[in-house]
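Enquirer: Next come the chains, spelled out residue by residue.
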Amino acid sequence: MSLLRKLMVLGRGRRGADGKRSRRSEETSRGSGLGEREIPARIDSIEAEIKSLFGERNSDVIMRRVDLWTCPEVHGLLFYIEGLTDRATINAFGLEALMHGERGPVTSPLPRDPKLLVELIISHLLPAGQVSAVDDLNKVVEKVLTGEAALFIQDTRQAILFEAKGWEHRTVGEPSTEKTLRGPRESFTEVLRTNTALVRRRLKTPDLRFDGTRVGVRSKTDVVVVYIEGITDPQLVEEVKMRIASIDTDIAGDSGIIEEFIEDSPASPFPQMQYTERPDRFCAGISEGLVGIIVDTSPFALMAPANLPTFFQSAEDFYDRFPFAGTLRSLRYVAGLLALTFPAFYVAIATHHQEMLPTSLALAIAGSHLSVPFPTIVEALLMELALELIRESAVRMPDPVGQTMGFVGALLLGDAAVSAGLVSPIMVIVVAVTGLASFSIPHYSVSLAVRLLRFPLLLLASWTGLFGLTAGLVAIVLHLSGLTSLGVPYLQPLLHTGDLFKDVLWRAPVFKHRLRPGFPRPQDRVRQGSSNRQWARDDQDKEEGADGENRVRE
Amino acid sequence: MARTGSENDHIRTGQFAVLVAEIVFSTGFMAVGSVIATISESAAWLGTLLGAAGGLIVAWLCGTLVRLYPGMNLPAIADTVLPKALSKLASLSFAAYCTWLLGIGSRQFIIAIWIPFLESTSPLTLALVASAIIAYGASLGIEAIARASMVFFPIALLSIVVLAGLSVPVAHPARLLPIIGAGLPELGLTALITSAYGTECIVGLAFVSHLNEPSRAGRSMSWGVLVGMTLMSAVLAVATMLLGSQGVARVMFPAVEAARLVGPGEFLERSEVLLLAIWFSVGLLKQAAVFHATTVSIADALGLRTRTPVFIPLIVASVILSLYPTTVVSVLHSLKLFQRYTPWYALALPALLLTASALRPVPAEGRRRE
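From first to last, the protein sequence lines stand for chains H and R.
Be aware that the first sequence starts at 1, since it is given in my numbering, and climbs by one per residue.
Be aware that the second sequence starts at 1, since it is given in my numbering, and climbs by one per residue.
Simulated from the structure, these hints should not be mistaken for laboratory data.
It is possible that part of the hints are untrue.
[To be verified] Derived list of chain R stretches under chain H, where covered just means 3 residues or more per stretch with a C-beta under 8 Å from a C-beta of chain H:
1. 120-128
2. 273-281
3. 284-298
None of these values were measured; they are calculated from a predicted model.
Idealized CB from N, CA, C, for every residue including glycine.
This is chain H alone, in the form it adopts within the complex:
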């Protein structure tokens, strides 16, 4: 019987008069409340009860009996989980402070009143930062499972919890999925507090909110909703909190799981939330009025609402100079379109619309296809499938091997397939260009959607040529038009022609971004004053003034 089930059974878990578990108790057992459980008076009983909860063979559950150095007749029990706590903290602030104090006696004799005794220990014997007294054993267990240590004192029926968290974790490193040439090199880690600190370090405003909750009956994962009071639309924040609160699951170990629970249309291939491992990108989103979600144990934070153009933006867009950043962004849209339609376009033309091509090109395609025994669509599907297999296997390999695998696999496979007469060289080129284009999409989740949708488009193109491809594109756009993220239309920025060349298809200079994007309905739309680059305007005015004077003199 697992620990939490025992807790549920011991804590409450009532059955109805007919012996069946009532709906209420079912909800209680899956929900947050385990009920209260009194702490036994005797240390032996406490130890026995903890053992009954955790089992006899849990080697990481540590229960250490202590006698206070000030008064050896006061017995205590230190209870913590090894690995979740910092050994040095336990030794220094727990064991050493309790058993080897160097100061004189606190008071003599120690108070008999349990409450006073606990208060005295907290104020004089435990030099830890966060300390609290608790009289509910279930709560003690819950806290100890998050890395705190508990000290039970005989006959007090209370436990003193003190902060001792300290587990092995990855340090802040470089982002692995959102690499940039220019800009910060920090990425989120699996530790919630490290991540919140990374955000706080970039947004030093008291309006920044980290609204915490727990998700997962068994995992009890800490989830933090991040927003800026005064900028983020409160309705969006409430919507996110409501959706998170409605999650009823055992384990929510990653932001991806939370995302699937709370997104508007889980069946859509397109992501409706941005995920990022870059604190700078996360902070930029939050400061635009998005709602962020940071999940403990996940190095990827979520941001919502999202829309299609946000997935074609890279963090680097705002670190490079705008002419290059804007051009690269436009290129990414072209790449996205190529990745989606190029093979289908080729199949449509090669199968149904050869008359479109100049004679020399049509002959070259026909010539290259002479030795291939399959129709163009089979050829295309084979190559696409091979490309997907190479890509998938390269992802699973260790980094250096994976990269080599990708290149060598693609080269060898393409060359071998052409030599064997299974595919035409032109098809290899088409698939290679498609692969490159799909790598240019900055967000992996959108790249996945594009890869998935390429296959139905291929089939439509092979059946009904360019008209099938058009029909497929219309279906995709219709789908995107009906899609929402937290109720915000997915294509919204694309349909506002005024913003298209500001921060959608192109990126205008940063000082032109006076207003925040409108789609998250920020409470405060102005993000920049109008005095930016005033000096440049002043200089221009002076020059024009001087020119005017010269002309008058002349």
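With chain H fixed as given, assemble chain R onto it according to the hints.
Expert: Below, chain R alone, put in the same frame as chain H:
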């Protein structure tokens, strides 16, 4: 009242105007010339432009109706102002009109695509693919269709500009002379015939309940009619300059034939397939909007709570209607019937509703749907 896709659908007046322009323009422009060029010859394009007047009258009537009954669509207005039996008849006749539009539009596209470009593909496959996309769009609701139209309609508009631009080296502007063609009576007749396309804007009455500013429905509809008919006229003018009025009268799809004569140069020969594919995209969206209007009208007339039961029969009908009639002559005949009769229906329906509204005034509080 049947659920119309999503009850929460909202469309802006700009989107509504684009939607109306798409409905007016997207399918009719391909074949309109072949019918009217025999009547008014070189003035076919002018007749088409004048045909916008019929659409503008319908738009005005519809706008007045929407101002009187904001938040209601055609079946709801009919329910409010007409006796029950007559109201059902109005809704069902509107559904029949929309089904006719659906059939005639789909059939034209299937013929335009199948014979010159996809002879090796079964027309049934084409019809199935098109009907699936149309039904999918209709199931998503009018808001999704309106947004998708905002993406594809500008592309179609651009394609017309490109067609006009590419035609400059090979066009003969003198073929547009004499400006009144065969004469004023013929020009008038042409305007009357082409008003069938302008009056298609009545389909918009099925979506007006989703408008964020109902008071501007009439103006948006008028803009849609004007843009749609102007585009249609422009395409016909280009076709006339390229093919001559006799050439336009000889072919079924003058727009496609005109596109065949122009090309961007050596790289893409026969680029008309690209233009036709672009026009096909807006055609599909128009058909989705019409499909949506049909399902709403039928569901409301039959008192169904959802549109779902109407979907499958209508998809089957849409597939069948896109495959028949089988000969080009019969298709042209059905087109002529459409041009002759539907403008009167489109004028009569809102006029009837307005008259009924005037004769049987309803209390102000009854005019607003919850």
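Enquirer: Are the hints correct? Go through all of them and say.
Expert: Here is what the structure says about each hint:
For the region 120-128 of chain R, the stated coverage by chain H holds: 4 residues have a C-beta nearer than 8 Å to a C-beta of that chain, and at least 3 were required. Under a criterion of three residues with beta carbons nearer than 8 Å to beta carbons of chain H, the stated coverage of the region 273-281 of chain R is upheld, 7 such residues being counted. Check on the region 284-298 of chain R: 3 of its residues sit with their Cβ under 8 Å from a Cβ of chain H, so the three-residue criterion for coverage holds.
The structure shown violates none of the earlier numbered hints.
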